[in-house]
Every structure is written in structure tokens, then in C-alpha cells.
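**Student:** Given next are the chains, with one letter for each unit.
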Amino acid sequence: MKIVVCLKQVPETNQVKLDPVTHNLIRQGLAGRINPFDRHAVQAALDLKAQVGGEVIVLSMGPNDNEYCLREGLAMGADRAILLSARAFAGSDTLATGYTLSQAIRKIGAVDLAFFGRQAVDADTGQVGPIVAEFLGWPQLTLASQLTWTDQGLQGVRRLGALAQTLAVPLPAVVTATRELNDPGYLQPRQIKAGFQQPILTWNEVDLEADPARLGVAGSPTVVRKILAPQTKTVPTQYLNPDPQAAVAELLTALQAKNLL
Amino acid sequence: MTKIPEVWIFAEHQQNQIEPTVLQLISKAQAIAPTFKVVAVLLEAPDQQLEQTLAAYGPDQILAVKQSQLEQVADVEQAMILQQLVQARQPNSFLFGATALGRSLAPRLQAKLQTGLTADCLDLYFEDELLVQVKPSYGDNIMCEITCPERRPQMATVRPNTFAAVPVEADQVCQEIEVLTDLTWPKVAHFDILNEQVIPTPPASLAQADRIVALGRGAADPASVATARQLTAALNAQLGVTRPLTDDPQFAVSNQIGQSGQTVAPELLFCCGISGAVQFLTGITQAQTVVAINSDAQAAIFGVADYGFVGDAKAFMTALNHALLAKNA
Ligand SMILES: Cc1cc2nc3c(=O)[nH]c(=O)nc-3n(C[C@H](O)[C@H](O)[C@H](O)COP(=O)(O)OP(=O)(O)OC[C@H]3O[C@@H](n4cnc5c(N)ncnc54)[C@H](O)[C@@H]3O)c2cc1C
Ligand SMILES: Nc1ncnc2c1ncn2[C@@H]1O[C@H](COP(=O)(O)O)[C@@H](O)[C@H]1O
Numbered sequence: 001m002k003i004v005v006c007l008k009q010v011p012e013t014n015q016v017k018l019d020p021v022t023h024n025l026i027r028q029g030l031a032g033r034i035n036p037f038d039r040h041a042v043q044a045a046l047d048l049k050a051q052v053g054g055e056v057i058v059l060s061m062g063p064n065d066n067e068y069c070l071r072e073g074l075a076m077g078a079d080r081a082i083l084l085s086a087r088a089f090a091g092s093d094t095l096a097t098g099y100t101l102s103q104a105i106r107k108i109g110a111v112d113l114a115f116f117g118r119q120a121v122d123a124d125t126g127q128v129g130p131i132v133a134e135f136l137g138w139p140q141l142t143l144a145s146q147l148t149w150t151d152q153g154l155q156g157v158r159r160l161g162a163l164a165q166t167l168a169v170p171l172p173a174v175v176t177a178t179r180e181l182n183d184p185g186y187l188q189p190r191q192i193k194a195g196f197q198q199p200i201l202t203w204n205e206v207d208l209e210a211d212p213a214r215l216g217v218a219g220s221p222t223v224v225r226k227i228l229a230p231q232t233k234t235v236p237t238q239y240l241n242p243d244p245q246a247a248v249a250e251l252l253t254a255l256q257a258k259n260l261l
Numbered sequence: 001m002t003k004i005p006e007v008w009i010f011a012e013h014q015q016n017q018i019e020p021t022v023l024q025l026i027s028k029a030q031a032i033a034p035t036f037k038v039v040a041v042l043l044e045a046p047d048q049q050l051e052q053t054l055a056a057y058g059p060d061q062i063l064a065v066k067q068s069q070l071e072q073v074a075d076v077e078q079a080m081i082l083q084q085l086v087q088a089r090q091p092n093s094f095l096f097g098a099t100a101l102g103r104s105l106a107p108r109l110q111a112k113l114q115t116g117l118t119a120d121c122l123d124l125y126f127e128d129e130l131l132v133q134v135k136p137s138y139g140d141n142i143m144c145e146i147t148c149p150e151r152r153p154q155m156a157t158v159r160p161n162t163f164a165a166v167p168v169e170a171d172q173v174c175q176e177i178e179v180l181t182d183l184t185w186p187k188v189a190h191f192d193i194l195n196e197q198v199i200p201t202p203p204a205s206l207a208q209a210d211r212i213v214a215l216g217r218g219a220a221d222p223a224s225v226a227t228a229r230q231l232t233a234a235l236n237a238q239l240g241v242t243r244p245l246t247d248d249p250q251f252a253v254s255n256q257i258g259q260s261g262q263t264v265a266p267e268l269l270f271c272c273g274i275s276g277a278v279q280f281l282t283g284i285t286q287a288q289t290v291v292a293i294n295s296d297a298q299a300a301i302f303g304v305a306d307y308g309f310v311g312d313a314k315a316f317m318t319a320l321n322h323a324l325l326a327k328n329a
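If you read the sequences in order, they're chains A and B. According to the numbering used here, the residues represented by the first sequence are 1 to 261, in order. According to the numbering used here, the residues represented by the second sequence are 1 to 329, in order.
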């Protein structure tokens, strides 16, 4: 089975800086790490490969230092890594990212399954997996919390609020991974070392035969027009009597007047 | 004549119940777009009557697709139906709850329509016909205003319990219900539902609670927790905690309020021994009435409190328990 896992590199911390002019993330000098959910996606792919055989390819779109998340995927046991890196990809929103990744999956060819994390912890959208599925015309199993391979094919469980659905998914398909899916564990130094010894293939927009109008800023319908600090409401506070009993009496009267008790 | 712009809301439902976020979105859309047409878009099976629930919140129109194929339907099929409706009627915007289904379905539809989608919004407003979408990023440390200037519809998923759902007066209940029964859509590969099982939600569903007593490190000792539990029983409230208290095995993330816990929207919230860190405050912005109890008069929690008591949390909760007992006796 040929399995692609899409990896996003996210900042090490959430204390990030943004470019005041372009409103894009200033990436220089920010250590990156693999999006935590994507580790579960890699593990799911490796587990499936252990059962049915095949190949696991990790794929990431971003600047050259996105190599780190691919190295982590290789260290976990992926067979090879592809980086999509080009100026033309800069400033992509989820639609352009989904298009670019879907073109890469087409180019890889004969892919049976594409795994994603349920969402990236920086932008928190969770859109890229379903967008790729749509562009490839594949079914999607989002938020997979269990996955099994049987004679009948791929089956998984997802939670929609209180409802747990068991779904059978025909291949090729997109699966987005939750934390409940597996436990990727920690990497051994030996694995990390091995991850750094493998080559990484780099593709640009020409390799992808991509439509330039659908890439990067040009292919991104959304605009981040302002960045704000989180707001909290400020209300005039009515201070209660310092004596607990008197304070409670005062409060109960006020709450009853507002029909809150 | 130019067409009145329409704001559509996807009327998600489960087990024959409308998802509460849908009703919140109907009320919000009416508030921010009084001159637009607010349309609830419902996909249901022929024996369902969910338009009744929607009508009470006063959308201008309910567009219901009622077909037997909708008894069991994959995300991909729902996206195809919505695509047809959007292409035929060209709404200005289309809003979804940021629920598990909304976050699976909306991006699929977005890709079909090649438009923008903003995830997990905490606020929305219009500038003329431009929808300004306010969403948190980097773990709620930053808020971004996002727009989709050129493509339509403008799409967003909105975090549950961010807005209040307000039923309308009897004379404003929605009268315009359009029912479609003969839509067709192509057969495409999709999942089959083998089994559905309702997993009982843990009893302490903080997100839905109308009244919450929340404890922080200043009210974390066993005696304070016991007093707070009596208080929750007397008030018919749920117990919530700040993050440090989840180190105690009696509290889990499902009990935690805040950025990395639950977003809550109670009518009445008691914050006992809570300093008011920004990560906690982002989880309570929708609380209607906040009572803060803290021994430090400078604590940030008083900045969001309607009522403040500067003093010991346990003493206050004990006095409140006595007063409620006396009142109910
Ligand atoms: C990425 C990230 C995510 C986070 N997510 C969350 C989250 O989701 N939810 C959350 O709550 N926190 C979260 N935090 C932690 C948050 O920053 C604060 O550390 C936390 O909210 C503080 O909890 P507290 O108010 O209970 O404790 P403290 O800040 O220690 O405050 C205790 C308060 O109790 C008062 N007090 C002491 N004794 C008494 C007494 N006898 N009577 C009355 N008052 C008394 C003190 O004056 C003080 O104000 C997060 C942090 C990070 C970095
Ligand atoms: N630039 C990227 N390169 C590779 N995969 C990505 C990229 N962005 C998002 N993804 C994948 O899509 C998932 C959801 O990301 P998001 O939609 O940004 O929340 C991630 O967990 C990754 O699997």
C-alpha cells in the first residue's frame, strides 16, 4: 500500500511574531517542530504498513527549514520524504495549500491513502485534509479515533459529538488523525540519527505542473487584514460588602432582580 | 433590482436535535445583518420536522431539503447538495458551527466552490457586504481579522457557545419555509456508515451549563472543594476548574475552563480563588453574569466581574450555602 502523510511544521511555542506589513508569520529564527497531530498520522501509516506492507512517504509544503518535520517523520520510520518548496507557494491559505499538496499526491502517483493531522496547532483550521480529498475526488474519514484494516478494507471510527460512527471507507481515501488513534511514543537517538542521514527530495511548482493562479497568495481567497491581542470584556464591578453574610444577602437580592436565581 | 444579500446557516442536527450552535448563529446573523436575508439550510429525512425548532429563532427563511437518501448521508454527499444550492442561489455568506461535522463538511464545500473559509471564529461582523471574521491563532494568543474580499460565498465555521441563541416573539417566527424534495446528485465514492452508537456524554457538560461554580488555586483545598460541591448541588450548577487544578485526579480537562479546556457560556458564573489569567478568561467571554471572589483586590478576574467579593473564597461559599438553604427551607 502506498501511503502519503502530510506534515506541517509549526512553531515550537505559541509566542509568535507576525510581519506587520504582509501579516504573514515571521519564520526566521523560530525553531519548528512537527505538528503534534501529524505524529499520530505518521504512526497510523506505519502501523498500516506493518500490517499490509508497502511504502510510507512524508510530504510537507513550506520553506527549506520544513526539513525538520520531514526528518522527524523519517526518524519515526517513513521510507522517504518530499519537500514542496518554492517562492510561488509563499502566503498560501488553506485552499492554496490543499491544491499544492493534492498536485504533489497526483505526481507521486498510485497513492492509496493520504493521512493528515486533525488540525494544525498554530492556525487550528483542520481544513487542509478535506480540501485535498475534494481536489483528488476521494472520500474522507475525518477525526479518526480508531482505524482497522480487515478483509473488507479500511474501517474507522469518528466521533460527532455524542455519536460514535463506525465507517467503511473505500480506497483511495483521506484520513485525518486524532490523538486517540495511537501512541507514537518517543524517538530513540538512533532513530533521530537515521532520520538525518536520508535524502529529501524537493519539488517546486514546475515539478507539480501546477496552475500558477492557484498557488500562494494568488490562489488564496482569504486575507489576514489585522492582528489583535485577545480581548476580554471589561465591566464595572459592583463590590459587595466585605462581610461574607452581608455580601451574600446583597448578591442574592441582585441576582433575583435579574431573574438569575 | 439588486438581490438582498443572503446569510446562510447550515442547520446541522444529530439524533433529531438541532445542534445548539445553529440557533446561536441564527440569532447572531440577525443581529449583525439586519437588512440581509437570514436563511437556515436544513438537510433532513422526510419524517423529520426540524424546521419547527429553527422557526422559533426567527430566520427569514428555512430552506429544507427533505429526501429519504438523507437518512444516512456522507459528508461528501452533503457537500454536493450544498454546492448545488449555493450555485443556484448565490448567498453572500455561509456559516457553519465549528463542530466535528461542520469542520469536515465546510472545507469540502469550500474546495468545491473555490472560495475562502475561516475556521473557528469567535466574532463576525459585516462592513457593507464584507464579512469580517475574527479568529484566534497560536492557541488563542493572537486574534486575526480575516476577510475574503473577492470570492463568494464568504464561509466561516464558528466556535460553539460563542453567541447567545435568542428565541423570537411569536409574531416573528419564521413563516417562509421552502421544501425541496427532488434534488439529485452524482454518485461518488464515499464512506458507508456501518454502525452508529450514542456515547453518553459525561454528566458534567460544562459547555452547556447555565450555572457554573469555578474553582482556582485559591479554593483548591479539600474543604473548599467540598463546600463548592454543596454549592453546585444547591444551585443546580456544574463545577469547573482552572488548569492548575487538573493536576488533581478528581478533575479532568472536561472540567477545565479556558483556552486549553472548555469554552463556557453560563448565565451565572462564580469564580472562586481564580486570578483571571488570559488563558482562563478567553474561555468565559460569553458568561453573562460573573461573580468573582478573590482575596486579592488587584486580581485581574475583577476586571470581568459584574459582582466582586474581596475576601476568602471558602467563607463566601459557606455563607452562600447557608443562605440558599435558608431560602429553600
Ligand atoms: C498555553 C497555555 C494554555 C493554558 N490554558 C489554560 C486554561 O485553559 N485554563 C486555565 O484556567 N488556565 C490555563 N492556563 C494557565 C493560566 O495561565 C493560569 O496559570 C491559570 O489559569 C491560573 O489558575 P488560577 O487562577 O487557579 O491560579 P492562580 O493564578 O495561582 O490564582 C489563584 C488566585 O487565588 C487567589 N486566592 C488565594 N487564596 C485565596 C482565598 N483563600 N480566597 C480567595 N482567593 C484566594 C489569589 O489571590 C489568586 O488570584 C494556560 C497556560 C498556558 C501557557
Ligand atoms: N504546509 C503543509 N504541508 C504539509 N501538510 C500540511 C500543511 N499544512 C497543513 N497540512 C496538513 O493538514 C493538516 C491540517 O492542517 P490545518 O488545516 O492547517 O489545520 C495538518 O495536520 C497536516 O497534516
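If you're looking for bench data, these hints aren't it; they were derived computationally from the structure. These figures come from a predicted structure and were not determined experimentally. Positions of the beta carbon are idealized from the N, C-alpha and C atoms, including for glycine. Any given hint could turn out to be false.
Stated by the list, open to error - Computed list of chain A residues with no C-beta within reach of chain B, every gap over 12 Å:
1) 43
2) 85
3) 93
4) 106
5) 138
6) 203
7) 261
To be verified - Just the calculated beta-carbon pair ranges, DEER-fashion:
8) B:173 with A:186: 55 to 65 Å
9) B:222 with A:137: 34 to 44 Å
10) A:212 with B:182: 54 to 64 Å
11) A:226 with B:195: 41 to 51 Å
12) A:51 with B:230: 48 to 58 Å
13) A:218 with B:127: 38 to 48 Å
14) A:50 with B:298: 54 to 64 Å
15) A:50 with B:3: 49 to 59 Å
16) B:168 with A:229: 33 to 43 Å
17) B:49 with A:236: 40 to 50 Å
18) B:171 with A:259: 37 to 47 Å
19) B:199 with A:239: 23 to 33 Å
20) B:173 with A:109: 53 to 63 Å
Said to hold, decoys possible - Here are the simulated EDC-like cross-link-like pairs (lysine to aspartate or glutamate), alpha carbons at most 16 Å apart as the crow flies:
21) A:107 with A:250
22) A:226 with B:267
23) A:2 with A:55
24) A:258 with B:178
25) A:2 with A:67
26) A:226 with B:123
27) B:37 with B:178
28) A:107 with A:205
29) A:258 with B:306
30) A:226 with B:210
31) B:37 with B:128
32) A:258 with B:267
33) B:327 with A:112
**Student:** Against each hint, give a clear statement of whether it holds in the structure.
**Tutor:** Hint check results:
Even its closest Cβ contact with chain B, about 21 Å, leaves residue 43 of chain A beyond 12 Å, as expected for a residue assigned away from the interface. For residue 85 of chain A, the shortest C-beta to C-beta distance to chain B comes to about 23 Å, beyond the 12 Å cut-off, and the non-interface label holds. Non-interface call for residue 93 of chain A relative to chain B: violated, since the shortest CB-CB distance, roughly 7 Å, does not exceed 12 Å. Non-interface call for residue 106 of chain A relative to chain B: holds, since the shortest CB-CB distance, roughly 15 Å, exceeds 12 Å.
A beta-carbon of chain B comes within 12 Å of the beta-carbon of residue 138 of chain A; the shortest separation is about 7 Å. Non-interface status of residue 203 of chain A relative to chain B is upheld: no Cβ of that chain comes within 12 Å, the nearest being about 21 Å off. Residue-level check failed: residue 261 of chain A sits 8 Å from the nearest beta carbon of chain B, not beyond 12 Å. At roughly 58 Å, the beta carbons of residue 173 of chain B and residue 186 of chain A sit within the given window of 55 to 65 Å.
Against the hinted window of 34 to 44 Å, the Cβ-Cβ separation of residue 222 of chain B and residue 137 of chain A comes to about 58 Å, which falls outside the hint. Roughly 41 Å separates the CB atoms of residue 212 of chain A and residue 182 of chain B, a value that falls outside the hinted 54 to 64 Å. For the pair residue 226 of chain A and residue 195 of chain B, the beta carbons lie near 46 Å from each other, so the given range of 41 to 51 Å is met. The given range of 48 to 58 Å is respected by residue 51 of chain A and residue 230 of chain B, whose C-beta atoms sit roughly 53 Å from each other.
Between residue 218 of chain A and residue 127 of chain B the C-beta distance comes to about 24 Å, which lies outside the given range of 38 to 48 Å. Roughly 57 Å separates the CB atoms of residue 50 of chain A and residue 298 of chain B, a value that falls within the hinted 54 to 64 Å. A beta carbon spacing of about 57 Å between residue 50 of chain A and residue 3 of chain B agrees with the range 49 to 59 Å that was offered as a hint. Distance hint check: the CB atoms of residue 168 of chain B and residue 229 of chain A are about 35 Å apart, consistent with the given range 33 to 43 Å.
In this structure the hint that residue 49 of chain B and residue 236 of chain A lie 40 to 50 Å apart at CB holds, the actual value being about 45 Å. For residue 171 of chain B paired with residue 259 of chain A, a C-beta distance near 23 Å fails the hint of 37 to 47 Å. Taking the beta carbon of each, residue 199 of chain B and residue 239 of chain A are about 44 Å apart, not inside 23 to 33 Å as hinted. For residue 173 of chain B paired with residue 109 of chain A, a C-beta distance near 56 Å keeps the hint of 53 to 63 Å intact.
Taken as a hint, the residue 107 of chain A and residue 250 of chain A pair is broken in the structure, with Cα atoms around 71 Å apart against an allowance of 16 Å. Taking the CA atoms of residue 226 of chain A and residue 267 of chain B, the gap is near 31 Å; set against the 16 Å cutoff, the hint is violated. The hinted pair formed by residue 2 of chain A and residue 55 of chain A meets the criterion: a straight-line CA distance of about 5 Å does not exceed 16 Å. At roughly 39 Å between alpha-carbon atoms, residue 258 of chain A and residue 178 of chain B are farther apart than 16 Å, so this suggested pair is violated.
With a C-alpha separation of about 21 Å, the suggested pairing of residue 2 of chain A with residue 67 of chain A is violated against the 16 Å cut-off. This hinted pair checks out: residue 226 of chain A and residue 123 of chain B have alpha carbons roughly 14 Å apart, not beyond 16 Å. Distance restraint check for residue 37 of chain B and residue 178 of chain B: the Cα-Cα separation of roughly 14 Å lies within the 16 Å cut-off, and the hinted pair is therefore satisfied. Pair hint residue 107 of chain A plus residue 205 of chain A holds up; C-alpha atoms about 12 Å apart against a cutoff of 16 Å.
Note on residue 258 of chain A and residue 306 of chain B: the hinted pairing holds, with a Cα-Cα distance of about 12 Å set against a maximum of 16 Å. Restraint check for residue 226 of chain A and residue 210 of chain B: not satisfied, since their Cα atoms lie roughly 34 Å apart, outside the 16 Å limit. Between the alpha carbons of residue 37 of chain B and residue 128 of chain B the distance comes to roughly 14 Å, so the proposed pair stays at or under 16 Å and holds. Taken as a hint, the residue 258 of chain A and residue 267 of chain B pair is honoured in the structure, with Cα atoms around 10 Å apart against an allowance of 16 Å.
Of the supplied pair hints, the one linking residue 327 of chain B and residue 112 of chain A is violated, its CA atoms being roughly 66 Å apart against a limit of 16 Å.
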